[in-house]
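A.B. asks: Chains A and B supply the protein sequences, listed in that same order.
Residues 1 to 230 in this note's numbering are what the first sequence spells out, letter by letter.
Residues 1 to 230 in this note's numbering are what the second sequence spells out, letter by letter.
There's no promise every hint is true.
Unchecked claim - From chain B, some residues computed to sit far from chain A (all C-beta separations above 10 Å): (1) ALA7; (2) ARG8; (3) ASP21; (4) ALA41; (5) PHE55; (6) ASP60; (7) ARG79; (8) ALA83; (9) ASP127; (10) ARG141; (11) ALA149; (12) ARG153; (13) THR154; (14) PRO175; (15) VAL177.
Stated by the list, open to error - Rough simulated footprint, nothing fancy, chain B against chain A, three-plus residues with beta-carbon under 8 Å: (16) 104-117; (17) 161-167; (18) 213-225.
It should be emphasised that the hints constitute simulated quantities derived from the structure, not laboratory data.
Heads up, the beta-carbon is just placed ideally off N, CA and C, and yes, glycines get one too.
Number of protein chains: 2
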Amino acid sequence: MTASRSARERVRAELTKEITDIARRQLATEGAGGLSLRAVAREMGMVSSAIYRYFPSRDDLLTTLIIDSYNALGEAVERADAAAPQEDHTARWLAACHAVRDWAVAHPHEYALVYGSPVPGYQAPQDTVAARVRDVTVLGRIASDAWRAGALRTPAEEVPQELEEGVEGFRELMPGVPDGVIWRAVTAWTALYGWVSFEVFGQFNHSFVDRRGAFDHAMRRMAETIGLAQ
Amino acid sequence: MTASRSARERVRAELTKEITDIARRQLATEGAGGLSLRAVAREMGMVSSAIYRYFPSRDDLLTTLIIDSYNALGEAVERADAAAPQEDHTARWLAACHAVRDWAVAHPHEYALVYGSPVPGYQAPQDTVAARVRDVTVLGRIASDAWRAGALRTPAEEVPQELEEGVEGFRELMPGVPDGVIWRAVTAWTALYGWVSFEVFGQFNHSFVDRRGAFDHAMRRMAETIGLAQ
DNA sequence: GCTCGTCAAGAGCAGTGCTCTCGATTTTTT
DNA sequence: AAAAAATCGAGAGCACTGCTCTTGACGAGC
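Could you build all of it, start to finish, from the sequences and the hints given here?
C.D. replies: Pasting the structure below:
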């Protein structure tokens, strides 16, 4: 009976969740800098020091929110990929792109937390690595699948010899795929997040009336660039 | 004689510069969030309230630093472009790219200020627009020059009709250039800053031993993508 | 029933941005 | 040259932050 360890542990779990929920709301409205433990406590009718029973520091609360954000983004991308027809790699790529963009536009502050400038003085603990790679894992899988299915045109030119050893981290994500394809995937990856960051961070203000359409067009052209059939 | 209005105005100008210098140093070490008026005052041997004689608020000091950063980046890009052979558009593009990256790597916090997540609660005043577009103006000019010189391969496919009106802001930067080329320039622009942001913000940690070489290769391939001759 | 661990509360410390007032000094005006 | 005005640094103070420590109440296990 897990309910036996209830009473205390259950209310503790509930309060922890309430803290993170309120903190996430504050994050959405004020941004990472405006996240205040005292404000969270105030909203809960608690005294500020009580929060420290649940999170040893502000950074720890922030870490939780970061991991949650990684997971939310990763899950959105995973779902979008899974919903697209398995064999249509271009559709999967576009679905993943739009999942990233939609989530980022809907949660700009959380997106800034994970793909924006690093929070000063904050060092991401090791716990985040598992959640951090969920989105890029999906992108790597799409590229791998496309390559294995022969849906990727072979890159025209080779990757310089001296750069081969640099892509170790990415090779794990796309095993058995030639370096030229890995490079194209990395390029697409940076182009995707470069575009989304520009849009979310306001670099596209005063241009692009149809932001979604522009993004769609850019990502379609990017698919073409990396060798995906249209 | 401008020296007549000296005494006060001169010491005021000097103190203002000293404040921004110390603030910039703090920015470089602590980041935007760690910029503290009191710390600046302390380092100057002043009392904190005296700073407000020179900058009405922390945001105003930050605005000055942002404008300075825009100008420093823009100037670096302008110089790099000017140093490259006028007719070699690929060389100019690569020089501009490396100028952006070199400056960003050397001044990560200042780069974060202008191309990272927006500072929460901070609204960029109108004064920044002049400095903000210096770098992208150079990129636009390279693309325009390349187009006019016939060094850009014509885009294979057309820009969808419904997206044409969205690129107004960019058309000013590249007058007389067809929309397909503008699109390619915008794509290259986002790819450039997407890559630099990934590198500066730590997304490339644990991959890419030779960061500069990887960046160079990526930007060369991007030049190829937008139709520049190799 | 008693002990032990957990918890909320409160006071307090050091720091922040910012405002206001008060003399002193410098500049401008008369 | 004297008076008026503008400018400046200093200080006190307000409201806020993260965080620590102590105190007293409550509930779970022996």
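A.B. asks: Hints broken by the structure, by number, lowest first?
C.D. replies: none
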